[in-house]
Amino acid sequence: AQKITQTQPGMFVQEKEAVTLDCTYDTSDQSYGLFWYKQPSSGEMIFLIYQGSYDEQNATEGRYSLNFQKARKSANLVISASQLGDSAMYFCAMRVQGAQKLVFGQGTRLTINP
Amino acid sequence: DSGVTQTPKHLITATGQRVTLRCSPRSGDLSVYWYQQSLDQGLQFLIQYYNGEERAKGNILERFSAQQFPDLHSELNLSSLELGDSALYFCASSLGLAGGPWAGELFFGEGSRLTVL
Numbered sequence: 001a002q003k004i005t006q007t008q009p010g011m012f013v014q015e016k017e018a019v020t021l022d023c024t025y026d027t028s029d030q031s032y033g034l035f036w037y038k039q040p041s042s043g044e045m046i047f048l049i050y051q052g053s054y055d056e057q058n059a060t061e062g063r064y065s066l067n068f069q070k071a072r073k074s075a076n077l078v079i080s081a082s083q084l085g086d087s088a089m090y091f092c093a094m095r096v097q098g099a100q101k102l103v104f105g106q107g108t109r110l111t112i113n114p
Numbered sequence: 001d002s003g004v005t006q007t008p009k010h011l012i013t014a015t016g017q018r019v020t021l022r023c024s025p026r027s028g029d030l031s032v033y034w035y036q037q038s039l040d041q042g043l044q045f046l047i048q049y050y051n052g053e054e055r056a057k058g059n060i061l062e063r064f065s066a067q068q069f070p071d072l073h074s075e076l077n078l079s080s081l082e083l084g085d086s087a088l089y090f091c092a093s094s095l096g097l098a099g100g101p102w103a104g105e106l107f108f109g110e111g112s113r114l115t116v117l
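Sequence lines, in order, name chains A and B.
Heads up, the first sequence is in the working numbering, so the first residue is 1 and it goes up one at a time.
Heads up, the second sequence is in the working numbering, so the first residue is 1 and it goes up one at a time.
Next up, chain A with everything else stripped away, as it sits in the complex:
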């Protein structure tokens, strides 16, 4: 079975600072994908970034990057130069080879202070 653990229930960061949201995962599969989603207060789930288990480079999408450490089974999301609009819940998720569903962590509530 797959499991995602997000150990930070909440984080408070000053605007313009970088922030790292932690995510560790557990799977016995060798082929898997890791995803990050953002859920603002309005409720919708917004896809941010993806990392495949065989990808050698860390994924980046604009201000988002994924710090992938395979041996440690961690896939931390790094947001550079945080903005007030980054305040939201952030979910880490995983899909393994052959499965279709995403397994989600419990989420981290990020608050950006002006």
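Everything labelled a hint here was simulated from the structure, so no lab data went into it.
Remember, predicted model here, so these are calculated numbers, not experimental data.
Among the hints, a few may not be true.
To be clear about the criterion: a stretch of chain B counts as covered by chain A if any three or more of its residues have a C-beta under 8 Å from a C-beta of chain A, and this derived list gives those stretches [what the hints assert, rightly or not]:
no.: 1; region: 41–47
no.: 2; region: 51–62
no.: 3; region: 82–94
no.: 4; region: 104–111
The C-beta atom is built at its ideal place from N, Cα and C for all residues, glycine as well.
Based on the hints, put chain B in the right spot on chain A.
The following block gives chain B in isolation, referenced to the frame of chain A:
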């Protein structure tokens, strides 16, 4: 706008009642997923359909059922509702059953917020 449409956005009903949540996936997407998000359980996978057939089942109660129709829209039926069924129910869609883990991200609807009183 993800392209996934869910109705209704909000629903208030009483215990013991039955409700139907509807989802229209993105154009071209064949897979539909249902998730339940409650405060204490996080995002829980309920069920997945691909091109009309059930493909994966998660923590879906027997009181709940779903189906995907020939036009690919899906409905989630919740019956004998209990207070604990109050949650945000998400529908998501993706293109299909690509073999690798990168089968594309799931595109989520805005959710249907169910309140059971």
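Results of checking the hints against the structure:
no.	hint	verdict
1	41–47	holds (count 3)
2	51–62	holds (count 3)
3	82–94	holds (count 4)
4	104–111	holds (count 7)
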